[in-house]
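Undergrad: For the protein sequence lines, the chains are X and V, in the order given.
The numbering of the first sequence is the working numbering, which starts it at 1 and goes up by one.
The numbering of the second sequence is the working numbering, which starts it at 1 and goes up by one.
Treat the hints with care, since some could be wrong.
If several chains are the same, the list does not tell them apart, and a pair holds so long as it fits within one copy or across any two.
[To be verified] List time: in silico DSS-like cross-link candidates among lysine-lysine, alpha-carbon distance up to 30 Å:
1. Lys-323 to Lys-113
2. Lys-237 to Lys-113
3. Lys-194 to Lys-262
4. Lys-145 to Lys-208
5. Lys-178 to Lys-114
6. Lys-43 to Lys-187
7. Lys-114 to Lys-316
8. Lys-113 to Lys-24
9. Lys-156 to Lys-187
10. Lys-114 to Lys-24
11. Lys-183 to Lys-321
12. Lys-113 to Lys-258
13. Lys-156 to Lys-316
14. Lys-43 to Lys-24
If you're looking for bench data, these hints aren't it; they were derived computationally from the structure.
There are 2 protein chains.
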Amino acid sequence: MKLSDIGEFGVISSIRSDLKDFQKEVIVGIGDDTAAIEVSGEKLLLFTSDTLVEDIHFKWDYASPFQVGWKALAVNISDIAAVGGKPTQCLVSLALPADTERSLVREVYRGLKKAASRYRVAIVGGDTVRAPSFIITVSLLGEVKREDIVLRSRAKPGDLIYVTGQLGSSGAGLACLKASNWKIKPKIRQFLIKRHLMPSPRLDEGQKIASSQIATSMIDLSDGLASDLHRLAEESKVGAILWEDELPIALAVEQLAKVMGKFLLEWVLYGGEDYELLFTVAPSKRKEVEQTLGFPHALIGEVVDRDQGIYLKDRKGNRTKVKDGGYNHFSASTK
Amino acid sequence: MKLSDIGEFGVISSIRSDLKDFQKEVIVGIGDDTAAIEVSGEKLLLFTSDTLVEDIHFKWDYASPFQVGWKALAVNISDIAAVGGKPTQCLVSLALPADTERSLVREVYRGLKKAASRYRVAIVGGDTVRAPSFIITVSLLGEVKREDIVLRSRAKPGDLIYVTGQLGSSGAGLACLKASNWKIKPKIRQFLIKRHLMPSPRLDEGQKIASSQIATSMIDLSDGLASDLHRLAEESKVGAILWEDELPIALAVEQLAKVMGKFLLEWVLYGGEDYELLFTVAPSKRKEVEQTLGFPHALIGEVVDRDQGIYLKDRKGNRTKVKDGGYNHFSASTK
């Protein structure tokens, strides 16, 4: 059996199933956005890593080395944001073809350092090795108060589902990069492309959600709303309903969808890489959410029993199953 | 300017030169075997990562997936050993071609888990992505008492240079793998190959050296005695003399060198991947070394002033310059 038949999540769950974490300090192991380790009475150490591969996650045709550096760190920071943590230090591993120009490496590091300085992360080391193609792996540490950490696994039926910001911009941005001849305003185009190439992890938002102890679960939207909601539902052993009319979509995305004649929901559900935060809240805390969170967020659905599955409900009450789609690194041909 | 003209250390030092670590918790940043971060009053958090690339660091022709998994973690543990620390948790990032067999991944993980269990490390997460070739990056955490940490940077002229174990086995093992028709005993061959494919990091030794507070500096021999001694000398701003007659060489290596008609010192100085520990000791502590350390070690030279450079002295007193060679990931065609 080849990996292209299983997909990334199949690999992870097969690894997880026969791993025994023999350390009691490990509070969260494989299966959440980051590992969490006990280091002192009060704080947990967070530990995560993520990789970008040339021609799989980006192409040099449209992504600058600066943007790739930024994104390589930003996607890791998003994983720390997803548990409500604060990122602290990172290591950078670069695998590079031997004919890589030194200026490219400098630009990748300029992007890394820009993100590091923006989100107050120290780059404390790393290695460079030769490889057939460009691959960058960042591993990132962070911290969170033990009582604040928000995991994927504690959503309960009846909880409300919220999302920060707006959805679909990154997928629409990638569509703009692939086809440059759509008749849309340059400003809209630039906005969407920037959302794809230089995502802003919702770090302040994640910390606010965590410190207010308002959420029962949280995940960042890296693979797409559909896929990441499936992950959260799996870990929490629940189902979910999304309310189609409530999904927050940027005007720019709607405009592009109209011009391209494209099904809008495809970007929203399966586009991936929006790096917004999805979180669930007990219904009794609905008012508190409105009073506490001082940033854009939308109530987009509710948690239900596991056996109901995960579906989208339109304004007429029609239900459509939300497939566990999104980007599969092993079967998709391009992203 | 291409990276093949600069080499890995050129890349690292160019990155380092314009990085500001703005966090006071970062005790050791780029330039040592591992980063060290203050987490509590007493202990430092260690943080390191290392990458193995198919066809650069190993070939599937001769390395089993189990061995690659073992080695990917072992080389990281060696970095923790090199500062006297204890490894704790790791993340594994696998970049895999889409047609990778699932059984290969299982075997890689079996090797990782074998090393993890041998050295008491918890595998707490990781990701898998598609890539043109197989690349494995392990990032590893560890800990060490603040007063015990041994860095590369504190050797002083007059210090004695010691090394654990024996040198050259890994390079000789690789030579055996590349050419299978040398007339040596299968047992010798197997011993050397195992030293190359499944290195044993000197974890207990590193911890003993650190906790006895006997060493002024330490480094693990991953790139080769010559190259790693250059790194230590650079960080400490010193020179060094190696005593040719005192270099500890396994009998198997001598036998193979005889059969192959090969210059023995090439493996010893430039072969790399022995994963022994090189450490320096103030001359006043020479007796203490003999009384304290209960494992094989050899006194192989002395630290001198920086302007003397780094050279090898034979029994007649002849001096040969030790080049800053070893394996260069960007210019070497095979390893």
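Undergrad: It remains to establish, for every hint, whether it holds in the given structure.
TA: Against the structure, the hints come out as follows:
1. Lys-323 to Lys-113: Answer is neither: 38 Å inside a copy and 34 Å across each miss the 30 Å cutoff.
2. Lys-237 to Lys-113: between (39 Å within a copy, 28 Å between copies)
3. Lys-194 to Lys-262: within (20 Å within a copy, 57 Å between copies)
4. Lys-145 to Lys-208: Intra 12 Å, inter 34 Å, cutoff 30 Å: intra-copy only.
5. Lys-178 to Lys-114: within (26 Å within a copy, 45 Å between copies)
6. Lys-43 to Lys-187: Neither: 43 Å inside a chain and 51 Å across chains, both beyond 30 Å.
7. Lys-114 to Lys-316: For Lys-114 and Lys-316, the Cα distance exceeds 30 Å both inside one copy (47 Å) and across copies (56 Å).
8. Lys-113 to Lys-24: Close across copies (17 Å), not inside one copy (35 Å); limit 30 Å.
9. Lys-156 to Lys-187: The answer is neither: 42 Å in one copy and 61 Å across copies each exceed 30 Å.
10. Lys-114 to Lys-24: Between. Shortest inter-copy distance 19 Å satisfies the 30 Å Cα cut-off; intra-copy 37 Å does not.
11. Lys-183 to Lys-321: neither (33 Å within a copy, 67 Å between copies)
12. Lys-113 to Lys-258: Neither: 38 Å inside a chain and 51 Å across chains, both beyond 30 Å.
13. Lys-156 to Lys-316: within (26 Å within a copy, 79 Å between copies)
14. Lys-43 to Lys-24: both (15 Å within a copy, 18 Å between copies)
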